[in-house]
Amino acid sequence: MSRFMSQLEGNYISQQVYTPVIQVNELTRKFGSYIAVDRVSLTVRERDIFGFLGPNGSGKTTLIRMLCGILRPTSGEAKVMGYNVVQESEEVKRSIGYMSQQFSLYSDLTVLENINFYARIYGIPRRQRKERIDEVVNIVEMKPYLNQLSGALSGGWKQRLALACALVHKPKLLFLDEPTAGIDPVARRDLWNLLFDLSARGTTFFVTTHYMDEAERCSHLGYIYFSKLIAYGSPEELKKMADVTPQGYVRYEIRIDRLTEAMRELLRMSFVRDATMFSDVIHILIEQGREEELQHTIQKKGFYLQSLRAVPPTLEDVFVTLTRSFKR
Amino acid sequence: MFQGFFAIVYKETRHIVRDPRSLFLMLVIPSIELTIFGFAVNLDIKNIQTGILNQDKKIESRNLVDQFVNSGYFDIIKIFNNEEEMATAMRRGDIRVGIHIPPYYTDRILKNEHVSVQILIDGSDSTVAMQALNVSNAIGLRASIKILSKTKSLPSQFPIDMRPRVLFNPDMRTANFMIPGLCGVILQVVIMLLTSFAIVREKEQKTLEQLVVTPVSRFGLMLGKLVPFLGVGICETASVLFLMRFLFQVPIAGSVLLLAFFAGIFLFTTLGMGLLVSTFAQNQIQALQISFLILLPSFLLSGFMFPQETMPRVIYWFGQIVPATYFIRILRGIILRNAGFWDLWHNGAILGVMGIVIIYIASFRFHKTIG
Numbered sequence: 203m204s205r206f207m208s209q210l211e212g213n214y215i216s217q218q219v220y221t222p223v224i225q226v227n228e229l230t231r232k233f234g235s236y237i238a239v240d241r242v243s244l245t246v247r248e249r250d251i252f253g254f255l256g257p258n259g260s261g262k263t264t265l266i267r268m269l270c271g272i273l274r275p276t277s278g279e280a281k282v283m284g285y286n287v288v289q290e291s292e293e294v295k296r297s298i299g300y301m302s303q304q305f306s307l308y309s310d311l312t313v314l315e316n317i318n319f320y321a322r323i324y325g326i327p328r329r330q331r332k333e334r335i336d337e338v339v340n341i342v343e344m345k346p347y348l349n350q351l352s353g354a355l356s357g358g359w360k361q362r363l364a365l366a367c368a369l370v371h372k373p374k375l376l377f378l379d380e381p382t383a384g385i386d387p388v389a390r391r392d393l394w395n396l397l398f399d400l401s402a403r404g405t406t407f408f409v410t411t412h413y414m415d416e417a418e419r420c421s422h423l424g425y426i427y428f429s430k431l432i433a434y435g436s437p438e439e440l441k442k443m444a445d446v447t448p449q450g451y452v453r454y455e456i457r458i459d460r461l462t463e464a465m466r467e468l469l470r471m472s473f474v475r476d477a478t479m480f481s482d483v484i485h486i487l488i489e490q491g492r493e494e495e496l497q498h499t500i501q502k503k504g505f506y507l508q509s510l511r512a513v514p515p516t517l518e519d520v521f522v523t524l525t526r527s528f529k530r
Numbered sequence: 002m003f004q005g006f007f008a009i010v011y012k013e014t015r016h017i018v019r020d021p022r023s024l025f026l027m028l029v030i031p032s033i034e035l036t037i038f039g040f041a042v043n044l045d046i047k048n049i050q051t052g053i054l055n056q057d058k059k060i061e062s063r064n065l066v067d068q069f070v071n072s073g074y075f076d077i078i079k080i081f082n083n084e085e086e087m088a089t090a091m092r093r094g095d096i097r098v099g100i101h102i103p104p105y106y107t108d109r110i111l112k113n114e115h116v117s118v119q120i121l122i123d124g125s126d127s128t129v130a131m132q133a134l135n136v137s138n139a140i141g142l143r144a145s146i147k148i149l150s151k152t153k154s155l156p157s158q159f160p161i162d163m164r165p166r167v168l169f170n171p172d173m174r175t176a177n178f179m180i181p182g183l184c185g186v187i188l189q190v191v192i193m194l195l196t197s198f199a200i201v202r203e204k205e206q207k208t209l210e211q212l213v214v215t216p217v218s219r220f221g222l223m224l225g226k227l228v229p230f231l232g233v234g235i236c237e238t239a240s241v242l243f244l245m246r247f248l249f250q251v252p253i254a255g256s257v258l259l260l261a262f263f264a265g266i267f268l269f270t271t272l273g274m275g276l277l278v279s280t281f282a283q284n285q286i287q288a289l290q291i292s293f294l295i296l297l298p299s300f301l302l303s304g305f306m307f308p309q310e311t312m313p314r315v316i317y318w319f320g321q322i323v324p325a326t327y328f329i330r331i332l333r334g335i336i337l338r339n340a341g342f343w344d345l346w347h348n349g350a351i352l353g354v355m356g357i358v359i360i361y362i363a364s365f366r367f368h369k370t371i372g
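Just so you know, the protein sequences line up as chains X and G, in that order. Each residue of the first sequence is one higher than the last, beginning at 203 in my numbering. Each residue of the second sequence is one higher than the last, beginning at 2 in my numbering.
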């Protein structure tokens with residue numbers, strides 16, 4: 203695994219011309235004997251949209267909390283916006299924005315009162331405050347809602363308000379912890395378009411998500427599993443990883459009837475290394491040159507094979523395969 | 002009709018077992034409280050704090066003092082040299098009863114002459130005052146009869162005349178005694194609850210999570226949360242005292258300004274307690290449960306309802322760690338006995354020190370929660 207990672211990192215660095223915004227080196231955090239984050243190293247550069255993925259409880263939030271300067275690492279080092287997260291945590295807090303998955307603003311204050319409160323917390327001088335507030339209100343397009351109680355907003359608008367509060371001090375770097383969890387698809391798309399806008403204007407994002415379509419939109423990805431960063435690179439680089447499609451194997455997409463039963467049969471075949479079910483298709487990884495045998499066997503078992511075609515791995519394939527091989 | 006009854010019973014039982022904190026509150030706390038308060042709740046007034054000014058010091062006067070002690074109702078805790086000292090002690094609330102034996106006491110007794118002993122009684126606590134009144138009269142009567150039984154001639158009046166004088170609250174109006182105490186207890190409970198709720202709410206609604214990633218300083222956050230509640234507390238104190246004075250007609254004998262000064266110290270301590278409670282509670286229900294634990298001792302051990310001197314030693318010391326104890330003493334001192342700053346300063350000092358210690362522990366714990 204580490205062989206691939208270092209190889210990837212080599213490519214990654216050579217492609218980049220931007221300066222690093224986050225530099226993490228062998229960062230570890232233990233809670234008692236439990237290791238929540240295990241020697242994670244990564245770099246996020248200016249204007250990246252860095253997608254940080256991993257199952258619940260794998261250490262995502264712990265890493266973010268360390269990068270935000272509110273949790274001390276057990277060992278290792280991290281610099282955010284050039285500041286050390288331990289010694290210069292106050293500077294780190296001043297220069298970043300943070301938005302969590304849960305609505306964490308005051309629902310009994312109005313939209314404007316919430317933004318104004320955060321403008322003051324971040325110490326924006328009175329003279330600039332109004333201008334800054336107007337600016338973020340325009341960015342999130344919330345002018346019509348200014349005097350509404352924020353508790354009465356819908357999920358998508360709540361997240362926009364949270365974004366406005368996180369942006370009010372013009373941070374160059376934003377941490378978003380599952381920003382789209384629990385909001386409807388349209389609001390999700392709108393929010394992402396907003397993030398792209400901001401990214402184009404020079405903001406860097408560190409965002410966690412469980413959605414694969416969101417991961418596809420990120421410029422770079424990190425995948426953390428059981429406290430370890432097991433994949434790291436751009437979506438394209440991850441799909442090309444040797445671990446995802448080992449030498450001598452091909453990935454096929456099968457359209458077939460009775461999916462669940464078909465899955466069971468497929469996994470029984472000796473030349474099938476892996477099979478993953480999606481909503482209406484199955485992705486399988488089989489030994490090269492065994493395609494005919496596969497078709498033959500399927501039909502002999504009485505399944506109706508609609509189509510069989512070679513496909514590049516999707517991100518979901520990447521993470522499923524990596525997770526399985528890590529478990530082995 | 003009873004569909005799902007057993008399922009609900011089973012589920013509810015699991016909830017109870019899974020939540021050890023509530024289980025503790027349900028099973029252990031009531032027993033502890035009953036034990037403590039059972040000893041505290043006592044209206045048989047004994048051990049009334051008593052001071053003696055004995056200007057006679059001869060045999061008969063010592064006999065009289067012994068009779069007071071032996072009755073079991075009086076606990077002689079101070080000996081005075083002049084009336085001035087005794088008056089001060091009473092104003093400070095150190096003694097509830099002062100026995101003043103005149104210089105010629107023994108001589109007059111021996112000469113079979115009439116003598117009067119002055120009993121000064123602090124009327125602020127009407128129950129204690131009434132008891133002191135009755136018992137000292139009885140002691141006077143007994144001593145007189147003893148003397149009379151030895152003499153042959155029958156004088157026109159009893160040889161020993163107990164002259165009780167009820168100082169402060171001479172009508173022994175219960176309201177004058179109870180309502181200042183009630184003000185103290187109510188203020189403590191309400192302000193503590195409000196403060197702890199306001200802080201716990203930030204935890205409960207996760208707004209604290211957002212705040213900690215901002216450059217807000219820890220002291221800025223803590224003091225910023227406390228100051229508005231100091232304002233609320235001041236308004237509340239004023240309104241409660243206003244009602245006491247004008248609705249319940251309790252006259253304020255002492256200085257209102259001094260009252261305000263001590264109330265400020267008390268508010269500081271109470272806000273600290275609210276902060277402390279908030280560091281233990283994860284949500285408002287827990288804050289309420291913890292506050293309830295503090296509420297009962299404030300009512301029962303603070304001297305608000307039951308005189309502290311009758312409580313067993315251990316329970317008495319429990320009462321001494323309740324801030325309401327000192328504030329109630331201050332309130333009664335100023336309102337009923339016209340006590341001045343120097344009569345009460347030690348109560349204020351203890352409250353202040355308590356406040357500082359509580360705030361220190363609370364802010365330490367508070368910093369740990371948000372960090």
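Where hints are given, some of them may not hold.
To be verified - To give a feel for the contact side, a few chain G residues facing chain X, derived at Cβ under 8 Å:
#	residue
1	Q158
2	V213
3	V214
4	P216
5	R219
6	M223
No lab work stands behind these hints: they were computed from the structure. Don't be surprised by glycine CBs; every beta carbon is placed ideally from N, CA and C.
Check each numbered hint from earlier against the structure, then list the numbers of those it violates in ascending order. When the structure is compared with the hints, numbers 1, 5, 6 turn out to be violated.
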